[in-house]
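So the sequences go chain by chain: A, B and C.
Going by the numbering used here, the first sequence opens with residue 1, and the numbers climb by one from there.
Going by the numbering used here, the second sequence opens with residue 1001, and the numbers climb by one from there.
Going by the numbering used here, the third sequence opens with residue 2001, and the numbers climb by one from there.
No wet-lab data here; the hints were simulated from the structure.
Some clues are possibly wrong.
[As the list claims (entries may be wrong)] Subject to a maximum C-alpha distance of 25 Å in a straight line, what follows is the list of computed SDA-like cross-link-like pairs (lysine to any residue):
#1 A:Lys-59 - B:Asn-1003
#2 A:Lys-18 - A:Leu-45
#3 A:Lys-23 - C:Ser-2066
#4 C:Lys-2018 - C:Thr-2125
#5 A:Lys-177 - B:Lys-1023
#6 B:Lys-1023 - A:Asn-40
#7 C:Lys-2177 - A:Asp-122
#8 C:Lys-2179 - A:Asp-122
#9 B:Lys-1117 - B:Pro-1002
#10 A:Lys-64 - C:Thr-2125
#11 A:Lys-56 - B:Ile-1124
#12 A:Lys-177 - B:Thr-1176
#13 A:Lys-9 - C:Glu-2150
[What the hints assert, rightly or not] Covered stretches of chain B (chain C as the covering partner; in silico rule of three or more C-beta atoms under 8 Å from a C-beta of chain C):
#14 1001-1015
#15 1050-1057
#16 1087-1093
#17 1106-1119
Note that CB positions come from ideal geometry on N, CA and C, so glycine has one too.
Residue strings, one per chain:
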Amino acid sequence: MPNQTDLSKYDNSWYSPKASGIKRLFWYFTNVVFFINPINPFSGLKVFLLKLFGAKVGKGVVIKPSVNIKYPWLLEIGDTSWIGEKVWIDNLVKVEIGSNVCLSQGAMLLTGNHDFKKITFDLITKPIKLENGVWIGAKAVVCPGVTCHEHAVLTVNSVATRDLDSYNIYSGSPATKIKERQIF
Amino acid sequence: MPNQTDLSKYDNSWYSPKASGIKRLFWYFTNVVFFINPINPFSGLKVFLLKLFGAKVGKGVVIKPSVNIKYPWLLEIGDTSWIGEKVWIDNLVKVEIGSNVCLSQGAMLLTGNHDFKKITFDLITKPIKLENGVWIGAKAVVCPGVTCHEHAVLTVNSVATRDLDSYNIYSGSPATKIKERQIF
Amino acid sequence: MPNQTDLSKYDNSWYSPKASGIKRLFWYFTNVVFFINPINPFSGLKVFLLKLFGAKVGKGVVIKPSVNIKYPWLLEIGDTSWIGEKVWIDNLVKVEIGSNVCLSQGAMLLTGNHDFKKITFDLITKPIKLENGVWIGAKAVVCPGVTCHEHAVLTVNSVATRDLDSYNIYSGSPATKIKERQIF
Chain A
1 MPNQTDLSKY DNSWYSPKAS GIKRLFWYFT NVVFFINPIN PFSGLKVFLL
51 KLFGAKVGKG VVIKPSVNIK YPWLLEIGDT SWIGEKVWID NLVKVEIGSN
101 VCLSQGAMLL TGNHDFKKIT FDLITKPIKL ENGVWIGAKA VVCPGVTCHE
151 HAVLTVNSVA TRDLDSYNIY SGSPATKIKE RQIF
Chain B
1001 MPNQTDLSKY DNSWYSPKAS GIKRLFWYFT NVVFFINPIN PFSGLKVFLL
1051 KLFGAKVGKG VVIKPSVNIK YPWLLEIGDT SWIGEKVWID NLVKVEIGSN
1101 VCLSQGAMLL TGNHDFKKIT FDLITKPIKL ENGVWIGAKA VVCPGVTCHE
1151 HAVLTVNSVA TRDLDSYNIY SGSPATKIKE RQIF
Chain C
2001 MPNQTDLSKY DNSWYSPKAS GIKRLFWYFT NVVFFINPIN PFSGLKVFLL
2051 KLFGAKVGKG VVIKPSVNIK YPWLLEIGDT SWIGEKVWID NLVKVEIGSN
2101 VCLSQGAMLL TGNHDFKKIT FDLITKPIKL ENGVWIGAKA VVCPGVTCHE
2151 HAVLTVNSVA TRDLDSYNIY SGSPATKIKE RQIF
C-alpha cells in the first residue's frame, strides 16, 4: 500500500518569517484594515505603512484597493510600479518588484509550495523576482521561484511556473511563450 | 538596447469616466459598503442604488453579495439576469448585459487593457456586450472588446479573448469553441 | 429560430438547503463576520462555529482567514486537514473532505451547475468528495460531482471537471493527468 501524507507531522519550525510575533500581529491587522479592506482608496497612506513595516518602496508607486500583502519586510518595489486592485502578494520569502512593473487586478504572487512527495508535506519557499517593465495580467499567477525577466508579459489568468524570458509574452496554464514583445 | 516602458510618462488624461469626481467618490463608498461588503444579502437595495447612480436595470434582476462594479452609469442590464456572488464588472467603458444572462460566481468583465508596445503603456478601453441568454461560468473572464453573442456559454475559469458565436460553448484560456449549445 | 432561456421560469423550489430560513440567515451573518471577514485569524473559534452549525470537523483542522462556506451542515472534514486563505466552499449539497487534505489559498469547490440545454436553466447540484491526502492547489476549482481520489493533486488554477485518480497529479483547464504522485 502506498505511503500517505500525515499533516500532523508537518513541521515548518525551520521557517523564519524574519519578524517577531508582535510585529506580524500588528501587520496582520494593518493589512486587514488598510489594505484588504477597500475603504481607503488612496495610495499614499499605504506606501507609508508598507515602509513603516520595512518594505522598500520607490517613488511614484501606486497601490490600489483590496491588496493583500503577507509580509512587507520581505517586499521591494522600484519606481513608478503599479499594484492593482485585489493583487495578492503572498510573500513568505522575498519578492522583488522592479521599476515600471504593472501587476493588474487580481494577480497573485505565490512563494509557498509543498513537497508532495513527502509524508510530511514539507513547506518549500522560493522568492519571486519581477524585473523592470514586467506586466502580470489580471488574475494571472506567478509561482514560487519564478523570475520574470525584463519586460516579460503574462496574459490574463495565466500561470507562470517557470522563468519568463525578457521581452516575451506568455499565455496559458502553465504559461508558454506566444510571441515577442516589441516596444516602439 | 530595446526600449523600456516608463510609467512616469503614462497619460490617461484623454479618458473620461463620464461622471464628476464627487459622483465617483460617492459611488466608490457605496460600492464598498453595499456591494463588495457582503453584509447586505438582499438584491432590491442594490438594484435601487445602481439605478440611482445611472445604471439601466431591467425587471427581476438578481444581484448577489460581494459584487464589485466600477461605474454603474456605464452599465446596462436587461430583464431577469443574474449577477452572481463576487462577480467583478470592471467597466471603465460601457458594459451591456442583455436579458436572461447568468454571470456565475467570481466571473470578471474586463474593459481596460494597456498598449504593451508603447513606452507609455497607454490605456486602451473597449466595451463588452453580453447578449440575451449568455452564461459566463464561475471565475471566467471576458476580455475588453468582446461580444458574447446570444446564448453563448463560457465555461468555468475560461478566458474569452475574442467574440463568442451565438449558441456555442467555449472553454480554455484563451477560450475555444468546444461544442454547440442546443436548447430544447 | 432556436429556443431561448427564460430565467423568469427558473424554478429551484425542489431544492432543499436542509435547514430553516432562520438558521440560514444566522449562518449567513456568522460567515460574513467570522469567516469571510479576515479580522479573526484564529482557527479555533471558526471550528467551534462550524460545529455549532452542524459541520463534522475532525481534530487538528486549520481554517485560515477569509474562507467562504455556504452551508456548514453540509460539510464534513476529517483530521488535520487545512482550509487555506480565501478558500470558497460553495456547498449547496454535501462536501466531504477527508483527512490530511490541503485546500490551498483561493481554491474553490463548486457544487452547483445549470442545465444549459433547457429554457428554464434548471439548477443541478452534485456533491464533491476529496479523499484523504488530496491537495487542491491555489485558485484551483473542483466542479460539481467530482471525486478526487486519495492523494490526488490538482495544480494551481486548474479546473477538475472529472474524477481524479488516486496518487496522480492533474493540471490544466480542464485538468488532465500529467504524472504520478509517489510519496516516500
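The hints, checked one at a time:
| no. | hint | verdict |
| --- | --- | --- |
| 1 | A:Lys-59 - B:Asn-1003 | 21 Å, holds |
| 2 | A:Lys-18 - A:Leu-45 | 24 Å, holds |
| 3 | A:Lys-23 - C:Ser-2066 | 21 Å, holds |
| 4 | C:Lys-2018 - C:Thr-2125 | 13 Å, holds |
| 5 | A:Lys-177 - B:Lys-1023 | 43 Å, violated |
| 6 | B:Lys-1023 - A:Asn-40 | 17 Å, holds |
| 7 | C:Lys-2177 - A:Asp-122 | 23 Å, holds |
| 8 | C:Lys-2179 - A:Asp-122 | 20 Å, holds |
| 9 | B:Lys-1117 - B:Pro-1002 | 11 Å, holds |
| 10 | A:Lys-64 - C:Thr-2125 | 37 Å, violated |
| 11 | A:Lys-56 - B:Ile-1124 | 31 Å, violated |
| 12 | A:Lys-177 - B:Thr-1176 | 18 Å, holds |
| 13 | A:Lys-9 - C:Glu-2150 | 18 Å, holds |
| 14 | 1001-1015 | violated (count 0) |
| 15 | 1050-1057 | violated (count 0) |
| 16 | 1087-1093 | violated (count 0) |
| 17 | 1106-1119 | violated (count 1) |
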